[in-house]
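> One-letter residues, chain by chain:
Protein chains: 4
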Amino acid sequence: MSCARLLFFYYYYTYIDMSSTSTLKVGIVGASGYAGEDLARLIIGHPGVELAVVTSRQYDGKEFGSVYPRFAQFPKIQGLKFTNPEPEEIKSQVDLVFLAVPHGVATEYARPLLNAGIRVIDLSADFRLKSAAVYQDYYGAEHSDPELLEKSVYGLPERNREAIRKAQLVACPGCYPTSILIPTLPLLERKLIRPDTIIANSLSGVSGAGRKVALDFLFVECNESMRAYGVPRHRHISEIEQEMNGVISGEQKACIQFIPHLIPVSRGIHTTLYLDPNPALGSGDQFDEKAFLSSVESAWKEAYVNDPFVRVLNQFDDNRLPDTKNVLQSQFIDIAWKWDPRTQRLLGFSVIDNLTRGTSGQAVQCMNLMLGLDETMGLF
Amino acid sequence: MSCARLLFFYYYYTYIDMSSTSTLKVGIVGASGYAGEDLARLIIGHPGVELAVVTSRQYDGKEFGSVYPRFAQFPKIQGLKFTNPEPEEIKSQVDLVFLAVPHGVATEYARPLLNAGIRVIDLSADFRLKSAAVYQDYYGAEHSDPELLEKSVYGLPERNREAIRKAQLVACPGCYPTSILIPTLPLLERKLIRPDTIIANSLSGVSGAGRKVALDFLFVECNESMRAYGVPRHRHISEIEQEMNGVISGEQKACIQFIPHLIPVSRGIHTTLYLDPNPALGSGDQFDEKAFLSSVESAWKEAYVNDPFVRVLNQFDDNRLPDTKNVLQSQFIDIAWKWDPRTQRLLGFSVIDNLTRGTSGQAVQCMNLMLGLDETMGLF
Amino acid sequence: MSCARLLFFYYYYTYIDMSSTSTLKVGIVGASGYAGEDLARLIIGHPGVELAVVTSRQYDGKEFGSVYPRFAQFPKIQGLKFTNPEPEEIKSQVDLVFLAVPHGVATEYARPLLNAGIRVIDLSADFRLKSAAVYQDYYGAEHSDPELLEKSVYGLPERNREAIRKAQLVACPGCYPTSILIPTLPLLERKLIRPDTIIANSLSGVSGAGRKVALDFLFVECNESMRAYGVPRHRHISEIEQEMNGVISGEQKACIQFIPHLIPVSRGIHTTLYLDPNPALGSGDQFDEKAFLSSVESAWKEAYVNDPFVRVLNQFDDNRLPDTKNVLQSQFIDIAWKWDPRTQRLLGFSVIDNLTRGTSGQAVQCMNLMLGLDETMGLF
Amino acid sequence: MSCARLLFFYYYYTYIDMSSTSTLKVGIVGASGYAGEDLARLIIGHPGVELAVVTSRQYDGKEFGSVYPRFAQFPKIQGLKFTNPEPEEIKSQVDLVFLAVPHGVATEYARPLLNAGIRVIDLSADFRLKSAAVYQDYYGAEHSDPELLEKSVYGLPERNREAIRKAQLVACPGCYPTSILIPTLPLLERKLIRPDTIIANSLSGVSGAGRKVALDFLFVECNESMRAYGVPRHRHISEIEQEMNGVISGEQKACIQFIPHLIPVSRGIHTTLYLDPNPALGSGDQFDEKAFLSSVESAWKEAYVNDPFVRVLNQFDDNRLPDTKNVLQSQFIDIAWKWDPRTQRLLGFSVIDNLTRGTSGQAVQCMNLMLGLDETMGLF
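Chains as they are written, first to last, in the numbering used here: chain H, 1 to 380; chain D, 1 to 380; chain C, 1 to 380; chain F, 1 to 380.
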């Protein structure tokens, strides 16, 4: 065995032995839903951090592995129990906290944690919007801590890497917005497509509805069923348009038509985008199709050349379209485009795992950035 | 027991006893796929016709119930065996024949059957298009009997009831076209929507791919998977545009953007339609939203008030959106619309069973019309 | 058109026209679960009876088709609304009532309905057991009307045809018991197998759990999951052993090992039976394998030769094993056996649709018998 | 940041940088099926080995990530291409080879690789049986290299840890045998149960059939379907009985009744075991139920107290039964038992992921042992 390998193993085990005293420590507040469970999966498998605190009112005192049978007997969480601590207590125990509680509730936790000097990554919708008015408009309630809206950073690593590194409060993007913004932002930024006629037709697995015990999400109601919902004004529209408007200038505003559908799979989002070329590029004979498509190709390439988790399928094979099964439990987003010469429309496709890339994986990538770890650690 | 009831039962049994000699008789050519199987289901349960002939090269001589275990021991098909007859032989045995063979093959069978005086309902794509040139363009092969294209009637009962009654050759519409044409034709006819910006985003169960033994349709490849396919120029676009152009006049032509997706359900199609109001109705302040929506409502009501299998969900409940599970194994098409005031777009939704309404049920409704039976017989 | 056919159509329409005044009328009490819904499907499609009353406290006053979207616009139930009547009121409206309420509740309804002279078919477990003590032992509560236990008839048509015809109160068998009793009773009756070592390993679709809104039955919890439950003493054991003991005489008693499993399908039960030949037939060299198997074959043949809904697959093909997909939405039970010469065990297999054959279809077959209709009416 | 952490990160990155020159290297022969794909998933995520060679005749020359889209852009396999080398060439490239080819084919590869001094882990059935006669009996063909049967080690880590460490050729157990042997061997060894009346009723996901393109495994054929197969003499019986006989002494031999069923999930095996207490422990009043159950508990505890991947659910909660969803993509096997006082039978339950614990994970655990790595490396 080579010297380097020996050294590696020496430190591999050293690391494990010392993990309880010196690793970075994180906590999850409210880990009883599907997003919280998937986040736990990633943190437990992460070589650079330790899951030190999991809080829950409901499960206070119970072993983590007894509440989540799939994690029973995992060496890295032996003895880990749910607690229900005050923010002050958490402060001494962790370097960073994930909030995996419903929107509305996250606001209650964020302020005291931040005040205690703990960095926070919120998985809910509470800190994604910059405008308290838009929040109220879409979420139907006054925002209880609008000051934090200014301080929070929208946690889309491909777009806000530097801001995330320094952030005290990161708001993880919604699952649908992630699948829509990654393919469209580079095109909007370069004025290649119209911002006011974008149509996003999305399909989501049932875990997107959370672990809510409701008739609509029973196996028999979902199996062999396909249906649209949240029409015409799903809440995610607010953050999609906010982020789009952030990259376009001038008088035009983004206006997105977004229709989600419930599909009988556990995980996955598939988004189909109908995009019109920017009229400023000319129409009819004036429109240079070849130049446009070349710009589209460059736009994605330039935007994501250094992003480990964006796969532009056209670079592998022009006929391959994204399939959700290829991104399940991963941080990847697979995107592809096709041009339709008949309709003169650019068709975009993206797939993600709504729980991982759409929530927990995104949160871990943000955490890696915030803690100065390798951005991809624990995500391959 | 009342006299009427007694009489009923007398003739109920009389009917059964005499069924082998006097009922209308039909045959199915090529019944080995999912559409053929579903058609057999409907014919066997139909009180007015008898399944007298099933042909198959592959199964020649085998009992129908041994090839399709679900039909074993059905009294109405006791002893029915697959045969492989010449058209002349079929002539003496049936009043009408269904062709359930792949496109390209249907043409071979249709001419000799028609020549023999047998009425034909074709489930393939061979006789849906009026133009041999469009056929060649979309199906990649010269049509081998273009003369029949003129004679065939497009078998959408809600639109072509009278023509179907008299037809010798009916071409059953494709499954996707059915889900798209029913909601859009009344709107196009009344000039309520633009014909050149229609977007149809469709989701289909795996039986839509037929009983094809291919890697892509294995359980493990489809389960927990969602993917688009046939982009950007699925063959069904040809018949959709043909039928749309048939109801609009003037210079404008239908131009449809159609993207189908494969979803892990066995049966069902869900179509989401993105529709722009006709610009002639005015835009901005000029556009009378209320009047427009009232016209939409009337258009569907007028168009389908006498159609037993079209359910306009808005008439029941304005918040109900179609769900494929409510139409499985039925001839119903459930449709609904929503208006989006933000985007000024009319959103349409429809669901069908791709095998029943999309193929076999449609064929049976056409058969009922052709044979002078009650249009709904065997379909409830 | 032949004379006979004309007459048929005359009475076909006559029948429909007069259906509201002269057909037999039935009611369903408590039709809000999956079994009630499937029963409604069969009654609506039944040519000999009319669904005249549907009662529900929850839905009192609502249209049937608005509560069950799949039945909206069905001609035969136009205008049918849920009511919440007293038994006396129901008396004048129906010839027979189905109780589709949970066990424990059925007892409340049965007595007043029977007192009012209405024949009752109960789908719950309340009247299946002859012994109030066994009921209390398995269902954990005292039976509130033990007198009715004596009067009720166990509604397995293949076994109790004559008794069902005359019964005032029929208790439909449980779904699992149906799948287990049909294949085993003829073998027990003929002393071919040991009654005290029977093992029944059953798999059930999720609809078997009813429309209960509970975490365990959410799509995400059931999908990609397989698990046993109700171990070791599922309630259905009580009726299985009661019926088995009814066909064996002497000192030996049936003792069944029964383990059900939850499988991610909506419908279907698959039962695998492990059966030991009766030791009285000899063992080792004394045991005449060939004679035994011939007796097994005859036993099933004799028992079910006149039963339209029992399919013995060995009669079609010795290598075919039952598959639930072939019996979905039907009244069929497919059974097959294999002999294992290594273990000297008889292996039995059966499949049913837990909702149809396991509940609603069984109820309709009983109804046909009770009302003097053809036994199979409405079931093919 | 602490010193230890700094050191860790130093070597974490050092390790990555040097991985191409000094890590242990492995190859996969024939990686085009589901087992091969899952093995690649584990190897790519493994911190101690590098996937240096993937061979395939079909894909020779293609990028690994283009054949398996889910692995596209994984840093650790950048540039990895399928090759089709001679054994001699492989020798210089890897420390160990996995054979993921069908049974019958594995024999062709094993001998030249072993001759070249390469250690081999075979995932097929070719080297599991010690007797060439039994192989021929169950697999229907003469074994082409019976000498290797003696040299191979049955790769069940919990049973053969030391032998695996030293083995040149490891035969990974079948998926069903793994789920059956882990719970039963400790009981047989301690003479707690009868070896000749064991019944194993197993349920498997469709990936167990491999990536075989056959009608039976199409989505529509498997969805909403449950069926038994391989009755009465599935090939896995041979290795199950061989391993059982290895732990029991005396005249009695294991005789197992094993019936597998195909269930519409992608992954997972659920096994239900019907076990009779050893008659030597007494029967009737002589049988000490309490002592027996205490011995069962101890047997499992003693057998697996040091095994990281066996979870005895009774130790967590006596009412919890195994659910396949808790072991998906993991090396865990969850087992539980229940006693049935009515039937005096011990009921056993186990769940595994048929691909991971049933194939690829088992292979990786064996590899870890063979290469002197931590046994659990890459498996949590």
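Just so you know, the hints here were simulated from the structure itself, not pulled from any lab data.
Mixed in with the good hints there might be a few duds.
Since the list gives no way to pick one copy over another, a pair counts as held whenever it fits inside one copy or between any two copies.
Restricting the straight-line Cα-Cα distance to at most 30 Å, the calculated cross-link-like pairs of lysine-lysine (BS3-like) are [to be verified]: (1) K253 - K338; (2) K253 - K91; (3) K130 - K151; (4) K301 - K62; (5) K91 - K76; (6) K212 - K338; (7) K91 - K290; (8) K81 - K301; (9) K91 - K338; (10) K25 - K76; (11) K76 - K130; (12) K166 - K62; (13) K253 - K81; (14) K166 - K212; (15) K25 - K91.
> Indicate which option fits the pair K212, K338 if close means a Cα-Cα distance not exceeding 30 Å: within, between, both or neither.
between (37 Å within a copy, 26 Å between copies)
> Since the copies are identical, ignore which copy is meant and state whether K253 and K91 lie within 30 Å (CA to CA) inside a copy, between copies, both or neither.
neither (42 Å within a copy, 62 Å between copies)
> Using 30 Å as the alpha-carbon threshold, which applies to K81 and K301: within, between, both, or neither?
The answer is between: 23 Å across copies meets 30 Å, while 45 Å in one copy does not.
> Go through the copies and call it for K301 and K62: within, between, both or neither, with a Cα cutoff of 30 Å.
Answer is between; shortest inter-copy Cα gap is 23 Å, intra-copy 48 Å.
> At most 30 Å between CA atoms: does that hold for K91 and K338 within a copy, between copies, both, or neither?
Neither: 50 Å inside a copy, 45 Å across copies.
> Could you place K91 and K76 in one of the four classes (within, between, both, neither) given a Cα distance threshold of 30 Å?
within (21 Å within a copy, 37 Å between copies)
> Should K25 paired with K91 be assigned to within, between, both, or neither, using CA atoms and 30 Å as the limit?
Classified as within; 11 Å inside a copy, 44 Å across copies.
> Is it within a copy, between copies, both, or neither that the alpha carbon of K166 lies no farther than 30 Å from that of K212?
Result: close neither inside a copy nor across copies, 34 Å intra and 48 Å inter.
> Go through the copies and call it for K130 and K151: within, between, both or neither, with a Cα cutoff of 30 Å.
within (9 Å within a copy, 63 Å between copies)
> Checking an output row: K166 and K62, CA cutoff 30 Å. Within, between, both or neither?
neither (35 Å within a copy, 42 Å between copies)
> Between copies, within a copy, both or neither: which fits K76 and K130 at Cα up to 30 Å?
Neither: 38 Å inside a copy, 39 Å across copies.
> Could you figure out if K91 and K290 sit no more than 30 Å apart (CA to CA) within one copy, between two copies, both or neither?
neither (57 Å within a copy, 50 Å between copies)
This entry does not satisfy hints 2, 7, 9, 11, 12, 13 and 14, going by the numbered hints stated previously.
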